[in-house]
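Here the protein sequences come in this chain order: G and V.
If you count the first sequence from 1, position 225 lands on 225 in the working numbering, and the numbers rise without skipping.
If you count the second sequence from 1, position 322 lands on 322 in the working numbering, and the numbers rise without skipping.
Don't take each hint at face value.
Below 30 Å or equal to it, Euclidean Cα-Cα: the simulated BS3-like pairs (lysine-lysine) are [said to hold, decoys possible]: (1) G:Lys246 to G:Lys30; (2) V:Lys332 to V:Lys398; (3) V:Lys206 to G:Lys151; (4) V:Lys322 to G:Lys359.
Stretches of chain V that chain G covers, calculated by requiring three or more beta carbons in the stretch to come under 8 Å of a beta carbon on chain G [unchecked claim]: (5) 85-92; (6) 170-176; (7) 207-214; (8) 362-372.
Per label pair, the in silico range of CB-to-CB distance [said to hold, decoys possible]: (9) G:Tyr328 to V:Asp267: 42 to 52 Å; (10) G:Lys243 to V:Tyr328: 39 to 49 Å; (11) G:Asp128 to V:Pro327: 57 to 67 Å; (12) G:Ser244 to V:Lys359: 45 to 55 Å; (13) G:Asp267 to V:Lys93: 27 to 37 Å; (14) G:Lys243 to V:Pro327: 41 to 51 Å; (15) V:Glu330 to G:Ala150: 28 to 38 Å; (16) G:Ser177 to V:Pro327: 30 to 40 Å; (17) G:Ser177 to V:Tyr361: 23 to 33 Å.
These aren't lab readings, by the way, just hints derived from the structure by calculation.
For every residue, glycine included, the Cβ atom is placed at its ideal position computed from N, Cα and C.
Number of protein chains: 2
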Amino acid sequence: MMRPFLELIDFEEAKKIIMEKTEPMEKREKIDILSAIGRVISEDVISDINIPGFARAAVDGYAVIAEDTYGANQREPRELKVIGKIFAGDTSKIRINRGECIQIATGGAIPDGADAVVMVEHTSLDDDTVRIMKPVYPGENVSSEDEDIAKGGVVLREGDVLNPAKIGVLAALGINSIDVYALPKVAVIPTGDELVPIGGKLEYGKIYDINSYTLASLLQGSADVHINEIIEDSEDKIKECIKSLKDMDYIIFSGGSSVGERDILIDIIEEEGEVFFHGIALKPGKPTIFGKIRNTLIFGMPGYPTSCLTNAYTLLLPSVKKKARMPYIEKKKEVILAEKIVSTIGRHQIYTVEVEDGKAYPVFKESGAITSMSEASGYIEIPANVEYLPAGSKILVKYF
Amino acid sequence: MMRPFLELIDFEEAKKIIMEKTEPMEKREKIDILSAIGRVISEDVISDINIPGFARAAVDGYAVIAEDTYGANQREPRELKVIGKIFAGDTSKIRINRGECIQIATGGAIPDGADAVVMVEHTSLDDDTVRIMKPVYPGENVSSEDEDIAKGGVVLREGDVLNPAKIGVLAALGINSIDVYALPKVAVIPTGDELVPIGGKLEYGKIYDINSYTLASLLQGSADVHINEIIEDSEDKIKECIKSLKDMDYIIFSGGSSVGERDILIDIIEEEGEVFFHGIALKPGKPTIFGKIRNTLIFGMPGYPTSCLTNAYTLLLPSVKKKARMPYIEKKKEVILAEKIVSTIGRHQIYTVEVEDGKAYPVFKESGAITSMSEASGYIEIPANVEYLPAGSKILVKYF
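Let's have the full structure, built from the sequences with the hints guiding it.
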């Protein structure tokens, strides 16, 4: 007995329910900063050092005691004894006394005793004696030891997504491992008696498991994906499988196209948890199930590869991104529709398209067709209340 | 003796030279499709199977011999004996003879002997006898075995970038490893006596190695990055290092800020290869060296973290993407400049900015400042001939 779709829910309503039921990760983990790109910081990063950590020369010149320069001018320069040189990176701790100075390069650490730097342009050197032509005040041309970042200051914030610049900031603080939110754990369960694992023999009437690969590649970077072995469309097998995966944040069933599977899955979710909806006014992608068992969100995805993939982009990925606390940034661009599309009133429609020379050509044939994917650059969405898109319309393509 | 920048070259000219000297990878490798996202296919993928591989029912109904249905109508139905059922995925090879038919679900394999499917709507079933109310022609409601993809056909092309849809296509063909262009091999060499590796003790006047981490994170996914240990600013050490890395596609020197390092590197490249330019009319990022030794492109990057990072985005990454045969897609958005910026005529200027509520605030302090990076969402570029950007200007922010 096949359960009819008594109440197809609107696509926008389905999205809203999915997002409402998605709670951001609380679990954290510590990872190496070199593997942290794209990850989300789980607590404020506070600097426990001053940066640069030492007072530096802001110009090339001579580190001096400011008082020694007072009154200096072109006609009456002050003469100081040069007792050494400091380059950026030098660690020698020379000390200067009254009447002495040290030649210093921009970025060089200000020596003990000195409190200002005279620009080289305002000096003239003669052996180990330098003539200062212009006075400096204490602190002039000196960057303070905490000029850039002060010890105890918040440098990055909880929720920040790590990019190369922020990873550089961590390196600058000497931090090589960082607390981030853990990635959601997602199990992908290919179901359906017609499925054969890649590498297996393709007997008459069978097809390869495709959805596990599209889903796993799509979720890469946003989730920790486990691909299960193919399981039978039977209540026992599906129950057992769900039980064995109870630490998962998501279980995604995909691949079955037999009529019975949908019903089995709905029954199991209803028995052990809650079904939020089954059946969306969406084409393709109607037979989509969404529910929850304990803390695990359950998606029953349509078996056809294109439906499964576009559903994953429009419904699953936004949820996984929210759970991972990552922004969901679609790669989208407005282009011109090359051929008219007639859509179905009352159903949100998704069309795969190929973009060439700024024009979008529909390539959607049927949900089961691989060429609906292989030739597609991405997809467009046609809302339920739009019946017809004439050639030449401006449409928003979302790229795969 | 510090070599002066006799001829600063234009930023656009520098970019052009870099791109001209960058030759796309020829080296290939075979990788698992689950690790192939973002990678570039190195030869056309030809299907060696038909998809679906068997003729399928396009509707729910009865697989029949079309001739048995000729002349059928409501008042004079043709009666056929139902000898079995076929669901999607069934592999039983039943054969039908004249006067027989098989109940079949959409997607089910057409049994031997049958050549058409009668829609269930045009039938009525009574025990094991079905009444056909409407004739079908041979091939009606049947999808051919190569309807989607024909054996021998080109399914994906050399140069295609693998995304989830294309990985799904490979899975559909039963291909679990794929020939792709190898990633460029990039060695990042932190140089400079003031650098300390993360985890090391930060002595007076020293700073942590930052650029290795920003460069490695930025190139992740586009290159195979090797971070070298920190080496001294000496001719011998740099020569030895270059010699030990001769199978690299790129060697990136970064981190030194001493005046001598630039000259040492220029001398070595001139001795063993060619210097294409040193010194760009760019702020920050002026002291940039670009050359080639044998087949290795050499970049000498400015040591300051922000200069090194923005240089990497504007000059290095486009080159690495070209070498990897990947598109370089900048994440950019037009926003409103919140505060005026005064720029330097004659130098292409890069400013880090923070974007908040659609407005960009300059956060660039100095190239050495970590906060020029930590507070930045991305950067804007101000061409050499623009002196002043008033508050309220529309500017293009390129996001980190």
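Tested hints:
Proposed proximity of Lys246 of chain G and Lys30 of chain G is supported: the alpha carbons are some 23 Å apart, at most 30 Å. A threshold of 30 Å between alpha carbons decides the hint, and for Lys332 of chain V with Lys398 of chain V the separation of about 4 Å falls inside it, so the pair holds. With a C-alpha separation of about 16 Å, the suggested pair Lys206 of chain V and Lys151 of chain G falls inside the 30 Å cut-off, and the hint holds. Taken as a hint, the Lys322 of chain V and Lys359 of chain G pair is honoured in the structure, with Cα atoms around 25 Å apart against an allowance of 30 Å.
A count of 5 residues in the stretch 85-92 of chain V with a Cβ less than 8 Å from any Cβ of chain G is obtained; the coverage claim is therefore met, three being the minimum. Chain G is given as covering the stretch 170-176 of chain V, and this holds because 7 residues of the stretch bring a CB closer than 8 Å to a CB of that chain, at least three being needed. Only residues whose beta carbon comes within less than 8 Å of a beta carbon in chain G count, and the stretch 207-214 of chain V has 8; three or more means the coverage holds. Counting residues of the stretch 362-372 of chain V whose CB falls under 8 Å from any CB of chain G gives 5; the rule of at least 3 is met.
A C-beta distance of roughly 50 Å is found between Tyr328 of chain G and Asp267 of chain V, which places it inside the suggested range of 42 to 52 Å. Distance hint check: the CB atoms of Lys243 of chain G and Tyr328 of chain V are about 47 Å apart, consistent with the given range 39 to 49 Å. In this structure the hint that Asp128 of chain G and Pro327 of chain V lie 57 to 67 Å apart at CB holds, the actual value being about 59 Å. The hinted window of 45 to 55 Å between Ser244 of chain G and Lys359 of chain V holds, with their beta carbons roughly 51 Å apart.
Look at Asp267 of chain G against Lys93 of chain V: about 32 Å separates their beta carbons, and that is inside 27 to 37 Å. Distance hint check for Lys243 of chain G and Pro327 of chain V: the Cβ-Cβ separation is about 44 Å, which falls inside the suggested range of 41 to 51 Å. The beta-carbon spacing between Glu330 of chain V and Ala150 of chain G, approximately 33 Å, falls within the hinted interval of 28 to 38 Å. As the Cβ distance of Ser177 of chain G to Pro327 of chain V is approximately 33 Å, the hint placing it in 30 to 40 Å holds.
The beta-carbon spacing between Ser177 of chain G and Tyr361 of chain V, approximately 31 Å, falls within the hinted interval of 23 to 33 Å.
Violated hints are absent here; each numbered hint is respected by the structure.
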